Amino acid sequence: MMPTADILLTGAPLDPAELNARLPATAGTGAVSTFTGLVRGNGALTALELQHHPVLTLSALNVIGETAMKRFDLLALLIAHRFGRMTVGEPIVHIAAAAPHRRAALDAVSYTIDVLKTRAPFWKREWQGDTGKWIEPTEEDHEKTAQWLGAMQ
Amino acid sequence: MKVILEFFGPVRDRMSDSPGTLTLDPVPHTFDALILMLEDRLENGSVLRDPHLRFAINDELVTADGKITLGDGDRIAILSPFSGG
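Chains L and V, in that order, give the protein sequences. For the first sequence, my numbering gives the first residue as 152, with consecutive numbering after it. For the second sequence, my numbering gives the first residue as 425, with consecutive numbering after it.
To be clear, the hints were calculated from the coordinates, so they are not data collected in a lab. Check before you lean on any hint, since a few could be wrong.
[Unchecked claim] Listing some non-contacts, in silico: residues in chain V with all C-beta distances to chain L over 10 Å:
(1) Asp437
(2) Thr445
(3) Asp483
[As the list claims (entries may be wrong)] Ranges of calculated distance between the beta carbons of each label pair, as one might list FRET restraints:
(4) Ile428(V) - Asn213(L): 36 to 44 Å
(5) Lys221(L) - Asn468(V): 27 to 35 Å
(6) Thr289(L) - Leu485(V): 16 to 24 Å
(7) Arg191(L) - Asp496(V): 26 to 34 Å
(8) Ile428(V) - Leu159(L): 46 to 54 Å
(9) Asn193(L) - Pro450(V): 22 to 30 Å
(10) Pro164(L) - Asn482(V): 26 to 34 Å
(11) Asp166(L) - Asp441(V): 36 to 44 Å
(12) Val206(L) - Ala488(V): 39 to 47 Å
[Claimed, not checked] For the chain L half of the interface with chain V, some residues (derived, Cβ under 7 Å), not all of them:
(13) Met237
(14) Val244
(15) Leu257
(16) Ser261
(17) Lys268
(18) Ala271
(19) Pro272
(20) Lys275
(21) Trp278
Just so we're clear, the structure is a prediction, and the values are computed from it rather than from any experiment. Glycine included, each C-beta is placed from N, C-alpha and C at the ideal position.
Chain V extracted, bound-state conformation (with noise of 0.2 Å):
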């Protein structure tokens, strides 16, 4: 199963060199599944165990500790800690 995976603010930097899809085989069905499995797959990977990172799949934010739906052709966010105002 392909999932198109996009980076937002700082974190996009850090992991300049991940691909835009990737294959995910097993798939997850847990947030801390879909982290691991990204840690172990992405260059820089590390980068992601930052706590205060969010996530979102097909611009729904995921909680951490939440089963997670995934399906070919999805879209997993992964951002950076909000700076607005």
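This is chain L alone, in the form it adopts within the complex (with noise of 0.2 Å):
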């Protein structure tokens, strides 16, 4: 049987450490490879808020890493997402696969992270002391998502 992704929606501080200890020891890995976004400090930024769905945003992260898995022929796949308030360096989102060879390992975690942008309900407000303003997705974003999408069909 196929393993399934392991994901983690979170409103405490991810630890990508901890959360790499989490992907299961195989014979068969021959690489692991990682994705960690952090809050990006900007200019007066004082904090990065994530706001998400109670239901949907669970839901397509466990689509996004099923297809992952399926896709890239992963061993063990992680996504952990914050939600909430986060401060400069935290990190937002952590996403470890390991695969037998380190291309698929490298694709899968580029294509979880793109295609994560802009299908997983998430909202995201950067604050300046009490001033919020929306992050909407670019058109990179988009076209990232697109790329990856068209290149599987």
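Build the complex from these two chains, which are given one at a time in their own frames, with help from the hints.
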């Protein structure tokens, strides 16, 4: 039976080293690739807020994870995503993929973060003191998703 | 028939004057009819014409060209374009 993706959606801080330890060790693993997205310090930014949908966000992450597992023949995949308010330098998302070969592990991580940006229901707001500004997805974000989905048809 | 409206992301700010519940009469049976009705009935309803918005009924995403079935107390979620990661 194919292993399932390990999905974590949490309001608690992410610890990438601790998360990597959740990947099961298998003898067939030849490569592990990881990606961590951080809150980038940007001018007077004081916090980043991530909102999510109580049901649809977890469903979307599960679909993205299962699709990546199949598409890249992964041995393991972890997707951990924060919600709530974060300060500069804190991890927002952490992805780790284990595969027999490097290309699959690297591509799986790229796929997962690119697709997640426009297919998982999260909404991002930057805060400068008491002033909040919503961050909308860019055309590049949509193009990256479309490239992956087009390549998979 | 009364439905519950939920807004997520930036559209929640743009539709902040919208009521939490809305009576739909007649009951729309297609997605397009629902959007037209919401546009007509809600203040700032034209915001809902944004083609990047997504909609869900009772936590199930609905497609723009599909038929819909609504019942009393159903929840309609209007979702701003996603920006995770």
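Checked hints:
With a minimum CB-CB distance of about 8 Å to chain L, Asp437(V) fails to clear the 10 Å threshold, and the non-interface call is violated. Remark: the non-interface label on Thr445(V) is consistent with the geometry, its nearest Cβ contact in chain L lying 18 Å away (cut-off 10 Å). The non-interface label for Asp483(V) is inconsistent with chain L: the shortest C-beta to C-beta separation is roughly 4 Å, within 10 Å. Between Ile428(V) and Asn213(L), the C-beta spacing of about 25 Å breaks the proposed range 36 to 44 Å.
As the Cβ distance of Lys221(L) to Asn468(V) is approximately 42 Å, the hint placing it in 27 to 35 Å is violated. Evaluation of the 16 to 24 Å hint for Thr289(L) and Leu485(V) yields a pass: the beta carbon distance comes to about 22 Å. Take Arg191(L) and Asp496(V): their Cβ atoms lie about 46 Å apart, and the range 26 to 34 Å is violated. Remark: the range hint 46 to 54 Å for Ile428(V) to Leu159(L) is contradicted by a beta-carbon distance near 29 Å.
Judged by the Cβ atoms, the range 22 to 30 Å given for Asn193(L) and Pro450(V) is violated: they are separated by roughly 49 Å. Pro164(L) and Asn482(V) have their C-beta atoms about 33 Å apart, which keeps the hinted 26 to 34 Å range intact. The supplied range of 36 to 44 Å is met by Asp166(L) and Asp441(V), whose beta-carbon atoms lie about 42 Å from each other. Between Val206(L) and Ala488(V) the C-beta distance comes to about 21 Å, which lies outside the given range of 39 to 47 Å.
A cut of 7 Å between beta carbons decides the hint on Met237(L): the least distance to chain V is about 13 Å, and the hint is violated. Given the 7 Å rule on beta carbons, the hint for Val244(L) holds: about 5 Å separates it from the nearest Cβ of chain V. Taken as an interface hint, Leu257(L) does not check out: its beta carbon lies about 17 Å from the nearest beta carbon of chain V, beyond 7 Å. Given hint, Ser261(L) at the interface with chain V, is violated; its Cβ is 12 Å from that chain's nearest Cβ, farther than 7 Å.
A least Cβ separation of about 4 Å between Lys268(L) and chain V falls short of the 7 Å threshold, and the interface hint therefore holds. Interface restraint check: Ala271(L) against chain V, minimum CB-CB distance 5 Å, threshold 7 Å, status holds. Checking Pro272(L) against chain V by beta carbon gives a least distance of about 5 Å; that is within 7 Å, so the hint holds. Hint status for Lys275(L): holds, given a least beta-carbon distance of 5 Å to chain V, under 7 Å.
The closest approach between the C-beta of Trp278(L) and any C-beta of chain V is roughly 14 Å, which is over the 7 Å cut-off, so the hint fails.
In summary, the structure is inconsistent with hints 1, 3, 4, 5, 7, 8, 9, 12, 13, 15, 16 and 21 from the numbered list given earlier, while agreeing with the others.
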